[in-house]
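Asks: Residues 21 to 184 (our numbering) make up the sequence shown, in order.
In case anyone wonders, no lab produced these hints; they're calculated from the structure.
Note that the structure is predicted; figures quoted are calculated from it, not measured.
Check each hint, because a few of them may be wrong.
[Claimed, not checked] 30 Å max Cα-Cα, derived DSBU-like pairs, lysine-lysine: (1) 72 x 129; (2) 133 x 75; (3) 72 x 152; (4) 114 x 133; (5) 129 x 75; (6) 114 x 143; (7) 75 x 143; (8) 139 x 152; (9) 75 x 152; (10) 152 x 129; (11) 139 x 75; (12) 143 x 129; (13) 152 x 114; (14) 72 x 143; (15) 72 x 133; (16) 72 x 114; (17) 139 x 129; (18) 114 x 75; (19) 139 x 72; (20) 114 x 129; (21) 139 x 114.
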Amino acid sequence: MTVITNSRAELQSSTSNPKTFKFFEFPPSPLKPKQSFKSPTAPVEVQELVQKLAKIDGVAKVRAIAPRTEDIHWIEFELELCPETELDYETWDKIQDLVIDCEWDLRDKTNEKWYFDEKLVEKFVRIQDGAKEVARSETITLSSPTSYYNSVKSGSNWYVIART
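Construct the complete structure from the given sequences, taking the supplied hints into account.
Replies: Structure, rendered in structure tokens:
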């Protein structure tokens with residue numbers, strides 16, 4: 021701490037006398053300023069997996085949720101299906117294989133433990149407090165399995181999706 025003396029502060033009044041004040045100068049604090057919390061981001065592989073899952077027939081949208089923002093190593097993949105769609109066992113096995121392969125690939129690359137889970141949902145709901153959406157599919161698939169919707173070519177190179 022440094023003390024500076026003999027500095028005068030004079031008031032412009034007929035009744036006051038000039039006074040001497042001491043000014044104290046403190047050294048910079050060794051403490052770092054509090055920084056805002058920034059949650060870690062998901063690896064690129066998670067976004068790539070979300071896009072792969074969204075391309076599967078019958079899947080409308082996919083999002084990846086980290087239930088605890090501070091721990092990105094736990095991720096739940098939510099798959100919203102197209103209306104009136106059910107996945108067969110073969111498709112569900114394919115989804116599980118993709119998720120497991122990505123999880124173990126990340127374990128091998130990062131030498132860290134990753135925990136992935138997948139679930140089917142009717143609609144995406146509001147994310148719980150403390151959770152964070154870390155990836156979302158970019159495109160919404162308008163088609164369900166090919167038996168449900170057919171593409172019909174219309175005039176002017178426009179395509180109409182019609183239910184059969």
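Asks: Evaluate each hint against the coordinates.
Replies: Status of the hints after comparison with the structure:
no. : hint      : in the structure
1   : 72 x 129  : holds (20 Å)
2   : 133 x 75  : holds (27 Å)
3   : 72 x 152  : holds (21 Å)
4   : 114 x 133 : holds (22 Å)
5   : 129 x 75  : holds (25 Å)
6   : 114 x 143 : holds (21 Å)
7   : 75 x 143  : holds (17 Å)
8   : 139 x 152 : holds (16 Å)
9   : 75 x 152  : holds (23 Å)
10  : 152 x 129 : holds (23 Å)
11  : 139 x 75  : holds (16 Å)
12  : 143 x 129 : violated (33 Å)
13  : 152 x 114 : holds (26 Å)
14  : 72 x 143  : holds (19 Å)
15  : 72 x 133  : holds (22 Å)
16  : 72 x 114  : holds (11 Å)
17  : 139 x 129 : holds (25 Å)
18  : 114 x 75  : holds (12 Å)
19  : 139 x 72  : holds (15 Å)
20  : 114 x 129 : holds (22 Å)
21  : 139 x 114 : holds (13 Å)
Checked against the numbered hints above, the structure breaks only hint 12 and satisfies the rest.
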